[in-house]
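Dock chain C against the given chain V, drawing on the hints supplied.
Quick mapping for you: the protein sequence lines, in order, are chains V and C. For the record, in the first sequence the residue sitting at position 44 is 44 according to this note's numbering, with numbers rising by one throughout. For the record, in the second sequence the residue sitting at position 11 is 11 according to this note's numbering, with numbers rising by one throughout.
Hints in this document: simulated from the structure, not taken from any laboratory. All values derive from a computational prediction rather than experimental measurement. Some hints here could point you the wrong way.
Claimed, not checked - Partner residues aside, some chain V positions facing chain C, computed with beta carbon under 7 Å: (1) 188; (2) 189; (3) 216; (4) 228; (5) 260.
To be verified - Take a look, some chain C residues computed to stay more than 10 Å from chain V by CB distance: (6) 28; (7) 32; (8) 34; (9) 35; (10) 37; (11) 68; (12) 72; (13) 73; (14) 246; (15) 303.
In this text, a Cβ means the ideal position worked out from N, Cα and C, and glycines have one as well.
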Amino acid sequence: MTSLRRFCMTATGIAALSATLPASATTLETAFGSVEVDDDPSRVVTLYTGALDTALTTGMTPLGAVATRGGDGVPAYLSDATGDISIVGTPRETNIEAVAALKPDLILASPQLSESQYQLLSRIAPTVVPDVTPYQMDSWEQEAQVYGKALGQLDAVNEAIDEVDAQTQAIREDVADSPTASLIRWMPQGAIVMAPQIFSNTLLARSGFTVDDGDTVKEGRPHSDPLSLENLSKIDNDWLFLATLNAEGDEAYQAAKQSPAFDRLDVVQQDHVISVSGQLWTSASGPMAAQAILDDIDTAMHEMK
Amino acid sequence: MASFINRHADSRVMRSLKACRWSGASPSPVVTWGLLMILLAAIALLSLLFGAGDVGPGRAWQALSDFDAAAMHDSEAHFVIGELRLPRLGIGLVVGIALGIAGALLQAVTRNPLAEPGLLGVSAGSAFAVTLAILWGADAATLRISVAQLGALGGCLCVLAAARLQGIGNDPVRLILAGAILSGLLHSLSSLILLFDQYTADEIRFWVVGSLAGRDATDLMPLAPSLALAALLTVILARPLAALALGEHVAIGLGHHPRVVRLLVIVVVALLVGGATAIAGPVTFVGLVVPFAARALAGPDIRRTLWFCLPLGPIVVVSADIVSRLVVPPSELPLGVITALIGAPVLIAVVRRRRLPML
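With the rest of the complex left out, here is chain C:
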């Protein structure tokens, strides 16, 4: 198979192969990945140690060292770690993985390094759908998930349609502009509903900012089936997507169906972004920063990028969440604010590069 690709190599393939070799010069990807997993474990530990409240790192460490005993002699620390910080960490891990993978997939399928679910209106679509659902009286968390995923799918299809428009599809920045307009439109529609229906406003106001605080860990359970489906599809789609990166003709030559692949990828992105949005609210820029870092570490092959998104997504989300707790005690900043602060410079860095890399 490799010889086949080499013989039919066009310049794009040569470039990607060179990039692979370049990344091989630094420590092997397996080592880098292992280091990232260790970093993630350390950040997860930090997220249990630090919070906006009185349970500081020292006290939390003592409680963690013998967690069962802490229930007796330091019930406050036991509660704060077990009932507040641990569920939050769990939700952070899931949201981070979902948004990171979704970003990488969306970038691969639109061949645009700037394609980010938050920037392209996928999150806004999902938020709008949830606003509508709450307006019509749905408050069950389970319904919210499927509604958010449907909304995200709508947003994705709009993105795909825009990407296929002549001109926009070839210019990454113009696609982002189209997405920004879609986002703006959906946001203003959501605000319009909130303006007219104050009951909905109360229900949803806390949710639209994007945060991991106060979310119930049991909300993760109804999310499990769709996330499992998304994971399975991602595993199946990784190889065809990698082939698609070599060009449509190569992919067809290798026996893949580009249209089916694209459609399925969009479904996966909708499942992931909708799920993450349903539980944490719209969190932007994670889907941009994570694949960007993953490609820098792993090279352009989508399969490796996806592997690296697994630790990188939660690293970004959980560390942003730690920052959000520490900056304005005794209250907290919304997570979305911190991710935007991290993400905006990355966006500018990508755009400012002399030549935007086409994926």
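Excised from the complex, chain V in its bound form:
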């Protein structure tokens, strides 16, 4: 009996809630069907770095976000823009209670959010999960446009994407003869080679580089694959981008040089190794990330010349 009463009260509550929804609502197509979102959301929680990046691009600061992989805050390249933001989980695990406590009116989640997580989150607030195939050349743009629409700021997002295009064009003119490049993370028993389809590698490709993983990243492993020391010559290209998650970039480069197998690579001998932030290059996505990565490439190309 009690449960029946509770059910009735909840039902009335939901009915009352939907009655108070403002008339100006947008309907978005997402991975889990149509979702109605407020035209001018003010309490936004992002559960994916790409969504946080896009929100900040449009000038909106979310209330909460998830930490970057392997860190306890938002990625360093965004920390100035976010200020003191609530951390509501890690990329692997969202703290649903922390999300609910922020009383969001919009949740922006990763395209890879699971259905069960979606069911929980969508009871807190309208949850937008872009219906985008990951690891394509333009995945990040499509995602950003969905988030932009949800925030009612599609124009700002498109503007930022145009800027990225202009930046890639500028670098493309600087970079001659489409040089080969690979992006790796280093560990003492060898390298971890990042697949050509990941975000930063697609930007390298757009800027005129030929991204070469030495055919090491197998099909069905779209992110990365380890490479043993004996096979390091497979990534001995014109340029080597060396991503480090935490250590200072140059320290990581010096540590890698301790390995004779790394040190003898032509690319190392020519000092064509560029240390980059792993938070930005291997874990981030979005318009601001794209601009920051392109800045890295641009600076490196000018320094090396």
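Here is chain C on its own, set in the frame of chain V:
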């Protein structure tokens, strides 16, 4: 001396003597040992010939046949063999000997055929100590060795304490359970640190899997003094340990001090396991498989077992390392995965025997 033992022979001595005679029926131990050394040499050669890279056995063989000339006409092969495979072989030999001997000693002193440094939490203790050291900012390889050895000593003392507990000491499987719990505890503490401190995580993640790849051969040098000490102690302790196998009273009667002997053996095990762990990371099951095979070939006398561990340890570690390079090219599997695959069936075989042999 032999007549003294015979006159006071209890059934245990009779059993061990019978076992000795049985092993004498097969080819003499000296011949078997010689054959093992030849096998080890062959495996060492294979480890120079095979790798995860483009330098295949044919090319490697040609480079090896005239190694100095190879520096000129095939510098790739010269580099891969000289700078990658040879140091790896060297580290494999040292780690194999250290873990094999440590396993045999630990089994003798706990009188438990299942006592394995990896299973009993000695490796985990050493790994935990290194995690702590890196967390507190120590990155020098030399410091890592002594820290790993101290951690291993802590693990050993826990094992010994557990072994003396009523009930556990008499039941080999229960000692393994106690060790598994200790290992689990130490592993979760290590993971906890890695979870909270991502910088440490980067430093140590490659190390906790247990592998011979990418280890610097120069790391062996700081290890030399403690390994030399361990070797010397092992030579001195072999005879008292053999006497201890005949029972505490016999050992005391022969003028040995069981407590001192046990303590020293534990120190040796800590030096060996800590040293091996510092350089290769935790590699489990080697200390179980090697003494098991050594006893099967040499009989129960600890002195002979130790002799047989010398070739058998590196045989197991180096051949596991060869397999680790060949299964998933162009990358490699961690060595610890392969040794566990070899070791787990041996563990089950030992446990499944109708009567666990008490050492």
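Checked hints:
1. 188: Residue 188 (chain V) check passes; min Cβ-Cβ to chain C is 4 Å, inside 7 Å.
2. 189: Constraint on residue 189 (chain V) satisfied, holds at 4 Å.
3. 216: holds, 6 Å
4. 228: Given a least distance of 4 Å, the restraint on residue 228 (chain V) holds.
5. 260: holds, 5 Å
6. 28: Residue 28 (chain C) is indeed farther than 10 Å from all Cβ atoms of chain V, at 41 Å.
7. 32: At roughly 35 Å from the nearest Cβ of chain V, residue 32 (chain C) sits farther out than 10 Å, so the non-interface label holds.
8. 34: At about 33 Å from chain V, residue 34 (chain C) clears the 10 Å cut-off, so the statement holds.
9. 35: holds, 31 Å
10. 37: Holds: least Cβ distance 28 Å, greater than 10 Å.
11. 68: Correct as stated: the minimum Cβ-Cβ distance to chain V is 18 Å, above 10 Å.
12. 72: holds, 16 Å
13. 73: holds, 17 Å
14. 246: holds, 46 Å
15. 303: With a cut-off of 10 Å, residue 303 (chain C) remains clear of chain V, as the shortest Cβ separation is near 37 Å.
In this structure, none of the earlier numbered hints is contradicted; all agree with it.
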